[in-house]
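Please arrange chain B on chain A, whose structure you already have, making use of the hints.
Those protein sequence lines, which keep their order, are chains A and B. Going by full-length UniProt numbering, the first residue of the first sequence is number 1, and it counts up by one from there. Going by full-length UniProt numbering, the first residue of the second sequence is number 1, and it counts up by one from there.
No wet-lab data here; the hints were simulated from the structure.
The list treats identical chains as one, so a pair stands whether inside a single copy or across any two.
Below, simulated SDA-like cross-link-like pairs (lysine to any residue); rule was C-alpha separation at most 20 Å, straight line: (1) 67 <-> 138; (2) 178 <-> 119; (3) 178 <-> 156; (4) 178 <-> 127; (5) 178 <-> 116; (6) 178 <-> 188; (7) 178 <-> 112; (8) 178 <-> 128; (9) 178 <-> 140; (10) 178 <-> 191; (11) 178 <-> 114.
Since this is a predicted model, take the numbers as computed values, not measurements.
Protein chains: 2
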Amino acid sequence: MTPPDAPRKRGRPARAQAGTGPGTRERILAAARAEFAGRGYDQASIRAIARGAGVDPALVHHYFGPKEQIFAAAVEAGFAPALGAPGVLAAGGRDQVGERLTRFLLGLWENPATREPLLAVVRSAVANETAARVFRELVAVRLMRPVAEQLDVPDAQLRAELAAAQLVGVFMLRYVIKVEPLASADASRVIALAAPSVQRHLTGQ
Amino acid sequence: MTPPDAPRKRGRPARAQAGTGPGTRERILAAARAEFAGRGYDQASIRAIARGAGVDPALVHHYFGPKEQIFAAAVEAGFAPALGAPGVLAAGGRDQVGERLTRFLLGLWENPATREPLLAVVRSAVANETAARVFRELVAVRLMRPVAEQLDVPDAQLRAELAAAQLVGVFMLRYVIKVEPLASADASRVIALAAPSVQRHLTGQ
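Isolated chain A (complex conformation) (with noise of 0.2 Å):
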């Protein structure tokens, strides 16, 4: 999926070698991030997102393609913890998926490093549809798909995505709208409410 660092070739502008390289991929995404969090999928731009990165618009386009292929990129990379809920689901027994998922997804959340990027795809998604479209596919296909055949109840991704409103709503309230006293209890707190519900909607228990 990834195409190759471009060649440096002689005589090349010193602005367009500045950004190839091995980091280039990686620098380029991180100021699409950046982008896409501050100013939201609409008004983001490719030219913003270059000078971020410190190259030209060109090469963002010969990395990614079009705005929404970075976008896709960008929520994929800051999703990509999230993604490990269907391995966590796995790792143990069956009695404690509720509590296992709410605290390792809750973790994600508490941690400002995992938290900032999973913010701005939350942020772009709400805000607009192609960003929502994007959001979507990965949640159902990365996330809510593999939870689901892992489980052994009828209407599992239904249920799966039942589980998942629930920590979604948490997530949103304390940490997106911050209402108290949600937003201040202590993790430990929240995980031993939030965990029933998630286990009873993944288990039927």
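Showing chain B alone in chain A's frame:
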């Protein structure tokens, strides 16, 4: 709270006169809601709201004050139907509160006339910190506190927020992100799956 419509004066410009009258405040509010929904809190302008309502920008300021207060009024109007939730909670038996509350609030999202203003509020609150503050004060004071006061459980407001989180997550995934199969599932099926979680949070059952 609402300033009375300014009396008409002889010799006043025709444009300003067209902006006065009994429906002016509501017209400005509707224009404000459309502007916040379409462009978000940051990009919304008082000039565009005035244009949408067919009044002078000074009249917008006269009725509502600065942008933050126009937004607060628009949020309150858009969110007004949801403020019926504490009444719904009170009107019936305790062992059905989860089902009653879930059915009532899902009904607001199922109906486009109440869904669109709610979507506008959520979009603005997710995208902008000032908008989030206005929204969370409304949610805490007008929704969570009256609900919590009816509950006879420890940490009543925190539990009310966990119940709200289950529903907020369902609304986000079903109506905003539109993840399948949740987005297309029968409302009655969604209520049957979500209500027991809401019930458990609210009453500990």
